[in-house]
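K.L.:
Take a look at the letters that make up each chain.
Number of protein chains: 4
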Amino acid sequence: MSHNSFGHLFRVTTWGESHGPSIGGVIDGCPPGLALTEADIQPFLDRRRPGQSRFTTQRQEPDAVRILSGTYEGLTTGTPISLMIENTDQRSRDYGNIADRYRPGHADVTYDLKYGLRDPRGGGRSSARETAVRVAAGAVARRVMGPQVRVRGALVQIGPHAIDPVRWDWDQVGQNPFFCPDADMVPVWESYLDQVRKSGSSTGAIISLEADGVPAGLGAPIYAKLDAELASALMGINAVKAVEIGAGFAAAALSGEENADPMRMQDGRIAFQSNHAGGILGGISTGQPIIARFAVKPTSSILTAVASVTRDGEAVDVATKGRHDPCVGIRAVPVGEAMLACVLADHLLRHRGQTGR
Amino acid sequence: MSHNSFGHLFRVTTWGESHGPSIGGVIDGCPPGLALTEADIQPFLDRRRPGQSRFTTQRQEPDAVRILSGTYEGLTTGTPISLMIENTDQRSRDYGNIADRYRPGHADVTYDLKYGLRDPRGGGRSSARETAVRVAAGAVARRVMGPQVRVRGALVQIGPHAIDPVRWDWDQVGQNPFFCPDADMVPVWESYLDQVRKSGSSTGAIISLEADGVPAGLGAPIYAKLDAELASALMGINAVKAVEIGAGFAAAALSGEENADPMRMQDGRIAFQSNHAGGILGGISTGQPIIARFAVKPTSSILTAVASVTRDGEAVDVATKGRHDPCVGIRAVPVGEAMLACVLADHLLRHRGQTGR
Amino acid sequence: MSHNSFGHLFRVTTWGESHGPSIGGVIDGCPPGLALTEADIQPFLDRRRPGQSRFTTQRQEPDAVRILSGTYEGLTTGTPISLMIENTDQRSRDYGNIADRYRPGHADVTYDLKYGLRDPRGGGRSSARETAVRVAAGAVARRVMGPQVRVRGALVQIGPHAIDPVRWDWDQVGQNPFFCPDADMVPVWESYLDQVRKSGSSTGAIISLEADGVPAGLGAPIYAKLDAELASALMGINAVKAVEIGAGFAAAALSGEENADPMRMQDGRIAFQSNHAGGILGGISTGQPIIARFAVKPTSSILTAVASVTRDGEAVDVATKGRHDPCVGIRAVPVGEAMLACVLADHLLRHRGQTGR
Amino acid sequence: MSHNSFGHLFRVTTWGESHGPSIGGVIDGCPPGLALTEADIQPFLDRRRPGQSRFTTQRQEPDAVRILSGTYEGLTTGTPISLMIENTDQRSRDYGNIADRYRPGHADVTYDLKYGLRDPRGGGRSSARETAVRVAAGAVARRVMGPQVRVRGALVQIGPHAIDPVRWDWDQVGQNPFFCPDADMVPVWESYLDQVRKSGSSTGAIISLEADGVPAGLGAPIYAKLDAELASALMGINAVKAVEIGAGFAAAALSGEENADPMRMQDGRIAFQSNHAGGILGGISTGQPIIARFAVKPTSSILTAVASVTRDGEAVDVATKGRHDPCVGIRAVPVGEAMLACVLADHLLRHRGQTGR
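Residue numbers (my numbering), protein chains in the order written: chain A, 1 to 357; chain B, 1 to 357; chain C, 1 to 357; chain D, 1 to 357.
Since the hints were derived computationally from the structure, they do not count as laboratory data.
Please note that the accuracy of each hint is not assured.
Since copy identity is lost for identical chains, a pair holds within one copy or between any two.
[Stated by the list, open to error] SDA-like mimics (lysine to any residue), calculated; alpha carbons at most 20 Å apart, straight line:
| # | residue 1 | residue 2 |
| --- | --- | --- |
| 1 | LYS198 | GLU258 |
| 2 | LYS198 | LEU303 |
| 3 | LYS198 | GLU257 |
| 4 | LYS321 | PRO262 |
| 5 | LYS321 | GLU258 |
Using the sequences plus the hints, can you model the full thing?
P.N.:
See below:
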């Protein structure tokens, strides 16, 4: 059992705090013989990197990843892949004033309640900075699955403003700072976030993920369900409060007839005529696209003072200065993609051991 | 790694198919010295048992649990607790016609896609019957946590009909066949489900869970987050498609100010003045009530014929006869409670090893 | 993490006490489509069954195994295989007098030190009776590996009397009550054990195991080494105090030249001209026969009184009456075979996930 | 499941190859609040460091450890501890000639058989260099156990020359380059190893480990036995072929009377009047010193040519030039101590979760 690892046959263990010398992770179980260099990982880190628009934290770092082990002459060897990213921009002073007072909505208080002490610099281990390592691991996971599997994500709601699915265009996602698939929504979000940012407030968001080309049969029927492990992986991302697969909560209001996904054969394989199941039945992939959505709460760091307490139990009102994302949901898009990719890679490897095929 | 177990220090492994001689499970890691007999488990099984109202399957069995190991003179010994429940009512004939044709929305097709064969009798391993063992394990988990922790659940929506939270009354939950906390909603659901049942259709539902008295500090900040593992446990229940903690998806539309849970000291401990976090911050329990909700899709077994295929790939339209729950969400209430109890018990034991306290 | 399971992809969890209603286990991870009925398991249980000669305990039970789940129409389905064996001969009275006094060399004292209580009847969970479930699991593991892999064991030393390797004949193993491969040693052991038994004493033994036809490449180089996991599996058998692979302890006295196993190609694959390595290099199987040996201490149950203490800390001298094996090493042979078979089956399944092949 | 980790609640994952930029590991599960800096780890690495006498490899590196995460102001925080050691002396040229030919007795061949490729530089992942990380982890494990637990080891046999236990003096261990507790044996080993080294040969060895002050009750009775996990940890050290606990193989020749460890009360706790059990009964610690021994095979790198094959299957005779330890057993002493310390720390943390105490 590990509290800082996920996955089983494709197993990722991360380490590092926001303001330590570096952060990193170890990927154990990557099969041998896959082409892998830093150049295969860096582009995904760049998508998540802060400071790329006025809508994300102004923390500036290259987030350059180094592979310290597990490859030889550009190929994976089957041994652990150690990844490391230097922390180059650590303005501890921004955070010094929160060592003794709990920021409402942050993990400061629960860390102290659990461990009795913590590294307060930049939120220490609980900083979203750790997600950079997840993104790097996701890039390796994509290699494991191969090119026939495509994992992508998009932001579909910021605050009260949801996109119109009818206008969904994946090509738009790379064209704006929000990973937004609906071109008409971009200006709405821009003005909304400008106002949120200026007022020192923050807002929540909803991300949608999709994986195409996933082979049928991945997962397990009872406790290692593909959807259950995906729910864990997504709920485990900082600030996530909700996860749904396929029709999700909306399925509660449907009748059996409305929810059913009819099947017919097509090109020699089973094709479903709808996908309320989100590509997963009984915890096992159907071969249809896997669809998941998750919600991110508003950033807890806001300029408005909120009632709180100090480590010594004195009442205090806390406003969080310093750099932060007004909407952490934006940068959660590449993180969500990475978690989905890792869960799929793990189950792809497990499937062989489960079935002997 | 196991595909039929969950939990780490409080570890539950289940086995059995719907129409085999029996189903059961092994609980590994229950601490020694706890009072435990069948009488402590049976009441929870009785709450889940089918055939108690016209709104659940008419399958009739006592679901009498036997403890085969792990206790001596009424106390747990720290050795594995083996639980077994006989299958007494197995009308295979009801299901014989579905061995070669896939029921839309069922795991029939994915089982075959993964394993190449399956036990078709009553859905075999994928039958909700397996959840009886989870409920039994949950009863043991409650013993591990002790009386100060109270885990309870309620049904809050059936089809389009949601309760009014203002009328929430926990005392009502035991007074109707729906685990409904809103007395005024009971007749609405009765007439709605009667119509659903008569038309051979089915409907989805939403369940809400709450745990009071949970000590602060349970969980872990990165990958063994209490909310992540709870999401996995609930998403792993048959037919569940969505899970949320605290404010859940609604948090996406909130501002940081609206979402913040102010803190003040009260009776020497930190008290939050609201609970959008659902009792969990940074993956660790805050000491507030833990709140989770999950959605159950409509039962896939309906009398309306839906397009499907046979094992041989021939087009066929399938209508599912035989006994079934028009709304599996009802019996999901005690199952959800049990999963929450097991996750908490596991983390309670893990907490000691994590912190040395 | 589990304290009553072993293996990862081929995972065995056992439960039950010596004098409970039954003992059993759950095998999770057996691939689908393998022919398996009780008749495939029973012969191995029969080899281990007590009461077959005057040299083993006179406890009399059929040890009839039942498969409660995981197969359909004689084939495994990929779901958990639940195995159960009834306890039919439970002479608790034989053991009643040891509830409050610790038998020297038994786990009575450490159970109480750890758990604070225990089931004293027949040693409860610590009874060698639990090994019956291991033997049953081993029979399933043999199915997983298929007929090309042959796992067998022999007893090579009882007390001071070791066999002569020169006279080793596998065909003899089934011809005597000792699993002895050296016909000339059988009468020596008979008279030695008769004397040991008559004097109410006991003796230790050494078992040798061999697996032929094991594919090269099973295992892992660092912490999941095939030899490390085999050492754990064998050391975990009741009363085992030592394990060695290949040349074992003797390798300490060898020079590099003496210990080297020369390689040449033969029939298109690498053949080693000796096997000091015992078929494992760097934790990975070489394709040569896997050779392991383990030592079993003398049965602790003897008629000679030994200084001990009661639960209350009073000095007392304890002599253990009741039925027991004068040499538990004899029945450890089929148990050792089973553990080796399970470790190999687990690594065979893991290999696919590790290498993607 | 991980192939490069060990332990459960005190979990160590290592990474790195002999000639990569660095090696390292992640310790997950170290409790918070323990004083820990590099200065607490370095002395143990120095004991293992090569090049300290003419009897170990002349590879020269400082093996300076860096803590990259998991501590704040000199205290552990409960988050993962990332340790890194630079590789500063990498004479790949020494090894270039073995990329295509298998060194007999090395893992070269099994790596290729398993993974199809490998990093040949200095043995890559299979190099004993990886054990430096184990030693660093062991230093942290000692912190977890606290000062009342003392873990130490000694070399008791080199080639055919075994020490005389009667002359055992722990104070001598630090006084000679062999960790030898028998002063009279030191000159014998010196002249023997000089001759072995000059002839380009190598020799095996036996190491003895002892842990004092270990609390009673650590371990588990069936599959997570303290002795079984210790056997796995020691057998997993490079070149180890045998492990024994307490009387070990010698127990096979003993009678029950000879093997029994009598018990009496002493200072309010149970004291054993002998320790054939090696401090472990039924897989659980008794409170007596834990005693284990393990055997290391002769270094496979010798100047004498041995029959082998190339990757292409051509017959070739291979002699291994380059720097190597004539007796790897010497540097296995601190490694063995570290593995014992890690196993104990893991079980100390697990014990709390197992028993609720």
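K.L.:
Work down the list of hints and note, for each, if the structure agrees.
P.N.:
Hint check:
Proximity of LYS198 to GLU258 under the C-alpha cut-off of 20 Å is restricted to the inter-copy arrangement: shortest distance 17 Å between copies versus 45 Å within a copy. In the homo-oligomer, the alpha carbons of LYS198 and LEU303 lie at most 20 Å apart inside one protomer (10 Å), although the nearest pairing across protomers, at 57 Å, exceeds that limit. In this assembly of identical chains, LYS198 and GLU257 lie within 20 Å of each other by CA distance solely across copies; the values are 14 Å between and 48 Å within a copy. In this assembly of identical chains, LYS321 and PRO262 lie within 20 Å of each other by CA distance solely across copies; the values are 17 Å between and 53 Å within a copy.
With identical chains, the CA atoms of LYS321 and GLU258 are at most 20 Å apart between copies only, with a shortest distance of 18 Å across copies and 49 Å within one.
Of the numbered hints listed earlier, not one is contradicted by the structure.
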